[in-house]
Amino acid sequence: MFMLEFNISLGRTYLDRKFKLGLYVLSLGWTLRPITKFTKFLKLLLEGFSFLRLYSISLTRSELVPPLKLGMDGEELTEQETALYDRQIRVWGADAQRRLSKSHILVSGLKGTVVEFCKNIVLAGVGSLTLNDDHPVTEEALSVNFLIAPDDNVAGRSLAELCCDSLKDFNPMVRVSVEKGDLSSFGGDFYDKFDVVVVSCCSLATKKLINEKCRKLSKRIAFYTVDCRDSCGEIFVDLQDYTYSKKKNDETIESQLQYPSFEEAIAIPWRSLPRRVSKLYFAMRVIERFEEAEGRNPGETSIADLPNVLKLRKELCEAQSFNESQIPDSLLERLVVGIREFPPVCAIIGGILGQEVIKAISGKGDPLKNFFFFDAMDGKGIIEDIANTNTGG
Amino acid sequence: MATKQQLSAIKGAKVLMVGAGGIGCELLKTLALSGFQDIHIIDMDTIEVSNLNRQFLFRQSHVGQSKAKVARDAVLKFSPQISITSYHANVKDPDFNVDFFKQFNVVLNGLDNLDARRHVNRLCLAAAVPLVESGTTGFLGQVTVHMKGKTECYECQPKPAPKTYPVCTITSTPSKFVHCIVWAKDLLFTKMFGDKNQENDLNVRSSDASSSSEHAEDVFERKTDEDIEQYGKRIYDHVFGYNIEVALTNEETWKNRNRPRPIYIRDVPSTELIQENGNVDKIFVADDPLSVSAMASLGLKNPQDVWSLMENSRIFLEALKLFFVKREKEIGRLTFDKDDQLAVEFVTAAANIRAVSFGIPFHSLFEAKGIAGNIVHAVATTNAIISGLIVIEAIKVLQNDASNYRMTYCLEHPSKKMLLMPVEPFEPNKSCYVCSETPLLLEVNTYRSKLRDFVEKIVKAKLGMNFPLIMHGSALLYEVGDDLEEDMAANYAANLDKVLSELPSPVTGGTILTVEDLQQELSCNINIKHREEFDEEKEPDGMILSGWMQAPPKEKENNKISSDNGASTSNASPAVPLETEEDNEIEIVLTGAENVAAGNKRKLSDISNAATSDLCSVADKTNSKNKPEELDDDDDLVMLDDGNSNTSKKKRLR
Chain Z
1 MFMLEFNISL GRTYLDRKFK LGLYVLSLGW TLRPITKFTK FLKLLLEGFS
51 FLRLYSISLT RSELVPPLKL GMDGEELTEQ ETALYDRQIR VWGADAQRRL
101 SKSHILVSGL KGTVVEFCKN IVLAGVGSLT LNDDHPVTEE ALSVNFLIAP
151 DDNVAGRSLA ELCCDSLKDF NPMVRVSVEK GDLSSFGGDF YDKFDVVVVS
201 CCSLATKKLI NEKCRKLSKR IAFYTVDCRD SCGEIFVDLQ DYTYSKKKND
251 ETIESQLQYP SFEEAIAIPW RSLPRRVSKL YFAMRVIERF EEAEGRNPGE
301 TSIADLPNVL KLRKELCEAQ SFNESQIPDS LLERLVVGIR EFPPVCAIIG
351 GILGQEVIKA ISGKGDPLKN FFFFDAMDGK GIIEDIANTN TGG
Chain F
1001 MATKQQLSAI KGAKVLMVGA GGIGCELLKT LALSGFQDIH IIDMDTIEVS
1051 NLNRQFLFRQ SHVGQSKAKV ARDAVLKFSP QISITSYHAN VKDPDFNVDF
1101 FKQFNVVLNG LDNLDARRHV NRLCLAAAVP LVESGTTGFL GQVTVHMKGK
1151 TECYECQPKP APKTYPVCTI TSTPSKFVHC IVWAKDLLFT KMFGDKNQEN
1201 DLNVRSSDAS SSSEHAEDVF ERKTDEDIEQ YGKRIYDHVF GYNIEVALTN
1251 EETWKNRNRP RPIYIRDVPS TELIQENGNV DKIFVADDPL SVSAMASLGL
1301 KNPQDVWSLM ENSRIFLEAL KLFFVKREKE IGRLTFDKDD QLAVEFVTAA
1351 ANIRAVSFGI PFHSLFEAKG IAGNIVHAVA TTNAIISGLI VIEAIKVLQN
1401 DASNYRMTYC LEHPSKKMLL MPVEPFEPNK SCYVCSETPL LLEVNTYRSK
1451 LRDFVEKIVK AKLGMNFPLI MHGSALLYEV GDDLEEDMAA NYAANLDKVL
1501 SELPSPVTGG TILTVEDLQQ ELSCNINIKH REEFDEEKEP DGMILSGWMQ
1551 APPKEKENNK ISSDNGASTS NASPAVPLET EEDNEIEIVL TGAENVAAGN
1601 KRKLSDISNA ATSDLCSVAD KTNSKNKPEE LDDDDDLVML DDGNSNTSKK
1651 KRLR
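Which chain is which? The protein sequence lines are Z and F, in order.
Its first residue numbered 1, the first sequence is counted upward by one per residue in our numbering.
Its first residue numbered 1001, the second sequence is counted upward by one per residue in our numbering.
The set of hints was computed from the structure by calculation and includes no laboratory data.
Don't be surprised by glycine CBs; every beta carbon is placed ideally from N, CA and C.
Hints may contain errors.
[As the list claims (entries may be wrong)] Derived pair list, reagent style DSSO-like, types lysine-lysine, alpha-carbon separation capped at 27 Å:
| # | chain 1 | residue 1 | chain 2 | residue 2 |
| --- | --- | --- | --- | --- |
| 1 | F | K1148 | Z | K279 |
| 2 | Z | K208 | F | K1148 |
| 3 | F | K1148 | Z | K380 |
[To be verified] Looking from chain F toward chain Z, a few residues come up when the C-beta cut is under 10 Å (computed):
| # | residue |
| --- | --- |
| 4 | N1051 |
| 5 | V1246 |
| 6 | S1387 |
| 7 | V1391 |
| 8 | N1404 |
[To be verified] Selected chain F positions facing chain Z (in silico; Cβ < 8 Å):
| # | residue |
| --- | --- |
| 9 | F1078 |
| 10 | T1190 |
| 11 | L1420 |
Make the full structure from the sequences, and use the hints.
Structure representation (structure tokens):
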């Protein structure tokens, strides 16, 4: 099924230069021939109204166009939007900007990286942003969160509530709101409201669960996880079956990608992965499994845990017939000890994630597939494609 | 998380940030969160609406206020315990001298222009303070570290010359929309509304074939009591009709080109309607001249729309009329400004009408504004990423961790799986006139060129000096300063108008001139070589500076030169863009007004193996062959496009 969008702007009369009529017709499953006839018919019809002038008829076809609103507004960027977003429209185009302004985004886990991401996406001008994090504000969270001032009245308010106020202020055109509650308790109809879901600081089980809930919906939801430890960061992306346009030799071509779910991706045997996959990928899996086995909250580790983490690495590597030296002790130690985020890395990972979400919403440009790693120690920002080659991908 | 050593280095550091714009806002925030305690920030700009989509420390209510000050206040709200000092000033002000720079442990640049970058680079070299330099455009960006004697300075790599076009392409044979924009902006707009006395090629072209009666006088002069509508149409017919007819008579030009089509107002349908709604008084209540708009008066709203010939013609006439009716006082002294709505409308319409003549596609006002105003594409995400990378490098600098310094490129398409690509910094370029003592060579006609030409075209434009002092041996030829004796100042003024060979201490072939900038503490020697003839089109300055050189604008030419010389990655001149040692395609990233060669990946080890003499000889050979070319190339321009892969200027080296 695809949708066809007509945007017929009828001429502005010179008698009343403010008069303008926009007409939008939504049509399902039409082939191009009747459409051509239809536009001819409209032209004839309009010629009857001598005071109107037909300006243009444009057809756009896309699977990514969200359901159209019938009405006079919402299709063209306002003057205010064009002025505010001028510099970025020059990067991604007015069409992408319109799609951004109609997208709905959910984030959960408001630590430094996600706060950076929220700032980026609110500035970019998404339609709405929903924040989920019921944690109270700690001294530590305060020191690395530029959305909360120390003199704000923090008593009895959650991280999400406090961040919400500042984000609203960044861009009055974006609806920012708070959703209380446990992420894993929400049902499919809750997730159905969103186009993009970003989760951070949650358990392995929760990541898998939310990812599956999104996948079960008929609507395609872009799912991301993001985590930073020490001076390292990881992004995971699941865009399911994704179609997008990209420029090649000055032509726009359609391209398709198939993504595995988080569960599918991490189940791929380590030995079958290409050589030289980032060591961070394996190290993060070890930490994740450790926290799950010990029933810890994400980031609840210390140097005292290192022997047990190393033991778990040994077990996992043996089970996978994988060389332990691929996951260095020093790297695991950094991840176990460095539970506080490093602000420059938050800015970098939050920036990359923002860019990826903008790409996914606009359907423009090569999206990241499907893991991204950054380590300030070597300065590399690497994309890894962790997908089973048998299942497409 | 930062280690203990890192934290103590951060806490004890005093840093200077230059620029509180796109990168600056992100950087100030990241520095504060990372624990920096003493930050100084300089920015001369005030806040504009188009900043708000990415400069997140600013709000609508701050428009018009100092960026440095508002950024400081905003960051102190969430980090009240740190010290931030703001300067609403130009970094080139004499107050920011070498002593000022010496108080800092590191300088972090978030600038948007070549001029200021070069200036800061020189002060950092003079003060021996490490510099972390950065730039972004669209999804592309880079961070580099410059430390005197250890890594190359900012000016060791050639920077491409600002884009210029041959005069005849603009006046007679445009083939791209940008040519029409340049014509509309630099010739027509200036002719109509700017300084009438300025030399203007439009004037030349208009009159040279028109010595006959009707066009003998200045057609651009509005006759006494001439109706504004009639005047507008007369100008229209002259520039889009008559001038094209004149050009067509030159058969030689059109042998291998499509002949342009003259356009007269009578050929354009429906422009008569303009009289019906010509009552401008009703529309503009406000007296703000910048709010006057032909689009508003004609009921056109969307700047993204591509107008028809009819609409362009109506905008052209309406904008012209509005200038004369609403902004008459400014006529004669206007210069094009991308934030002047009416000027942008006039230039867009004029460029589009000219484009029709030459079979070039129409562009929207939005696109035309971007081209005419050289607007740099900018998004928050890239600036955030770059700010993180700057802080990471700054911390290494503070810890004196030179072996781990990296230049990092933020790419749009991954190279070797990398979106963020670190590269080892280059060694200083031994022939760099800024950070080494290698003399430059100037070819000039010493019997024709005046000292003024040398000062303006070479010392200021090419060497980027603000307060130059020029010496021949021990004889002072020229000096700039507030505290000059009257007679000295008169002497220098007199010298400016003398040709080089007739100066009190004559400058001829073989002379060595010393040029210094006292503020930048930069001094360099220039060997003078006399040359009789220069090509007016290709060498408009009438003098050629080499030794250090600007990057030739033509990519293909670069490749050809390097292969002609058999230059390989390890021993070629650093001044010539090289083939990279990477297999993958590498992009050159545009940063504001300039390029940085990401593909040029020499490593310190490679360079140190190459003998200095080799470097020099290759450089000399390439310089002599590298005659400036016709600049009408295909890829060296920021073109605006909806797709994000094409939005930035990119070149590929293989």
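Hint-by-hint comparison with the structure:
1. Among the hinted pairs, K1148 of chain F with K279 of chain Z is inconsistent with the structure: their alpha-carbon atoms are about 35 Å apart, more than 27 Å.
2. Among the hinted pairs, K208 of chain Z with K1148 of chain F is inconsistent with the structure: their alpha-carbon atoms are about 51 Å apart, more than 27 Å.
3. Distance check on the hinted pair: K1148 of chain F and K380 of chain Z sit about 25 Å apart at the alpha-carbon level, within 27 Å; holds.
4. At a threshold of 10 Å, the smallest CB-CB gap from N1051 of chain F to chain Z is about 8 Å, leaving the interface hint in force.
5. About 34 Å separates the beta-carbon of V1246 of chain F from the nearest beta-carbon of chain Z, more than 10 Å, and the hint is not met.
6. Here the hint on S1387 of chain F is kept, as its CB sits about 5 Å from the closest CB of chain Z, short of 10 Å.
7. Against a cut-off of 10 Å between C-beta atoms, the interface hint on V1391 of chain F holds, since the closest Cβ of chain Z lies about 4 Å away.
8. At about 8 Å, the closest approach between the beta carbon of N1404 of chain F and any beta carbon in chain Z falls short of 10 Å, and the interface hint on this residue holds.
9. A least Cβ separation of about 5 Å between F1078 of chain F and chain Z falls short of the 8 Å threshold, and the interface hint therefore holds.
10. Checking T1190 of chain F against chain Z: minimum C-beta separation of about 25 Å lies over 8 Å; hint violated.
11. Interface restraint check: L1420 of chain F against chain Z, minimum CB-CB distance 3 Å, threshold 8 Å, status holds.
In terms of the numbered hints stated before, the structure departs from hints 1, 2, 5 and 10, listed from lowest to highest.
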